[in-house]
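So the protein sequences, as listed, match chains F and U. Those letters in the first sequence? Residues 1 to 131, per the numbering used here, in order. Those letters in the second sequence? Residues 1 to 377, per the numbering used here, in order.
Keep in mind that the hints are not guaranteed to be accurate.
Said to hold, decoys possible - According to the in silico footprint, chain U covers these stretches of chain F (three or more CB under 8 Å from chain U): (1) 54–62; (2) 79–85; (3) 108–114.
What the hints assert, rightly or not - Derived Cβ-Cβ restraints for the label pairs, each shown as a range: (4) ILE182(U) <-> ASP48(F): 21 to 31 Å; (5) GLU175(U) <-> GLN49(F): 16 to 26 Å; (6) HIS228(U) <-> ALA52(F): 26 to 36 Å; (7) ASP240(U) <-> ASP35(F): 21 to 31 Å.
What the hints assert, rightly or not - Covered stretches of chain U, as calculated for chain F (at least 3 residues, CB under 8 Å): (8) 183–189; (9) 192–199; (10) 346–358.
Honestly, the hints are just simulated from the structure, not real lab data. All of these numbers come straight from a predicted model, not from anything done at the bench. Beta carbons: idealized from backbone N, C-alpha and C, even for Gly.
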Amino acid sequence: MESPLNMDTSLSGLRVLVVEDEYFIATDVARAITDAGADVVGPVPQLDQGLALADCEQLDAAVLDVHLEGGFSYAIAESLTRRGVPYLLLTGYDSWALPEALQDAPRLTKPIQLRTLTAHLRALLGDAPCP
Amino acid sequence: MQQQVPVVEDGIAEGLVSGSPAVARLRGLARSGASGERIVQQAEVELAAQRESEERLRSAVEAGQLALWEWNLDSGEMHWSDENYRMLGYPIGAVEPNYHAWADRLHPEDRAGTEAAIRAALNGDGKYRHEYRILRPDGTILWTLGRGSFSYDRVRRPVRMIGAMIDITDRRNAEASRSMLIGELQHRVRNILAVVRSIFARTVEAGGAIDDIALHFTGRLDALARTHVIATRNPGATLDLENLLREELLAAGFASDPRVTLYGPDVPLDSKSAEIIGLALHELTTNAVKYGALNFPNARIEISWVVNLRYGCDPQLILTWREQGVPIVEVLPVHQGFGSEFIREGLPYRLGAETELVFTGGGARCTISLPLPGIPA
């Protein structure tokens, strides 16, 4: 089986939402996604800002911090699921501390390896053709 | 395992009473030819002793807050102690105690599991032990531990169950808050590691000699560590803005420098705000030491702050950092580097602050205004 590291990590032409309240992590994630050729929607630090973008923006994927200032990002995940947008969770929590609805969602545990972030995003999008 | 199952002979009541020492004593009296009056007298003594013993048991059960039950599986009848009614949220004696009256009070999420535990005990070794929630009509939820055992007749037909239930809500709550704390700690540690790595990468990116990079990085790490030490010493504690500033100046070696004036009211900052503002103040101080007012003998820094109370909004902190008397220098690399980016972009992102940072002829000028949600207006 091919490891995510060896897979195609290009995200060119895609639009990826980033919701993360820690400034340094948000900018690192945004930069890694931009470097892989995608457009970043955000990054935004707050739940309501993330929700507004998840509801209205045209998106191909999303990267969500689970634990945001002012609450967990479940509502954003729900909205993305409804719209069929795949998402990757970033969390400092182990799965036992996560709510049941999010325990099976693909996730990266902090501190994340930026090199693998885009590979995971690529894998998340499966065989979707890259424009 | 079969031999451990209690067996009741010839029905419960008769079996127990006919074997009791009191009855044996009365039979002995009768056999010895004692008078009817003597036997009645002895029976009264035995009854009084039994009442006393029952009263003692009842008091102990009440004091221990034990909810007792006895269940006759043939008739379906139950007997509950007063505490059992209370725990289930029934006025004492208000319902006929039976299986359904108990099962109706089980938390919907725990009902299937609890009934399965009883069935498993019934069909297994007769011992029942299960923790479950009770949902009372007033909406309160009680965690309980139920323990009991079944008795069987000779053909291993269950005839009776007897058991007790205790309130373990406090223990359960303590366990839940401990798990939450561990989760929170994991989250904090992993987050701070990610932040530290990011700060390191940016410090290296900004370039310079390796010694300078090391110095910048350890300075930033120390600034983070200072706020963390204070914030984690007392969880939920606040950090005073002036203390934060003084700690920063002390670390830079300018604890009581006559060029620096501080002026403002007490402002308690939560640990998140303190971490971010602490790092921003560190960047301003480092810049002042290297290129600004703390690098020139006749320059000054005035750091002042006010808190504006605004009707219907969070109070607003406005902090002004003003250097004077710094000779004009060209714009230095650091001005476009980590510190200025953090003040211009990181503070608005993380704290919803508005910031302004300019390097003028007299030195750096920085204004930071941010909402203070934790502080009552």
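Structure-based check of all given hints:
Residue count for the stretch 54–62 of chain F with a Cβ under 8 Å from a Cβ of chain U: 0. That is fewer than the three needed, and the coverage hint is violated. Counting residues of the stretch 79–85 of chain F whose CB lies closer than 8 Å to any CB of chain U gives 0, which falls below the minimum of 3, so the coverage claim is violated. Using a Cβ-Cβ cut-off of 8 Å, 4 residues of the stretch 108–114 of chain F lie near chain U, which meets the minimum of three, so the contact claim holds. With their beta carbons about 29 Å apart, ILE182(U) and ASP48(F) fall inside the hinted range of 21 to 31 Å.
With their beta carbons about 35 Å apart, GLU175(U) and GLN49(F) fall outside the hinted range of 16 to 26 Å. Take HIS228(U) and ALA52(F): their Cβ atoms lie about 33 Å apart, and the range 26 to 36 Å holds. For ASP240(U) and ASP35(F), the Cβ-Cβ distance of about 41 Å falls outside the hinted range of 21 to 31 Å, so the restraint is violated. For the stretch 183–189 of chain U, the assignment as covered by chain F holds, since 5 residues bring a beta-carbon within under 8 Å of that chain's beta-carbons and 3 suffice.
A count of 6 residues in the stretch 192–199 of chain U with a Cβ less than 8 Å from any Cβ of chain F is obtained; the coverage claim is therefore met, three being the minimum. With 3 residues having a Cβ less than 8 Å from any Cβ of chain F, the stretch 346–358 of chain U passes the three-residue criterion, so the hint holds.
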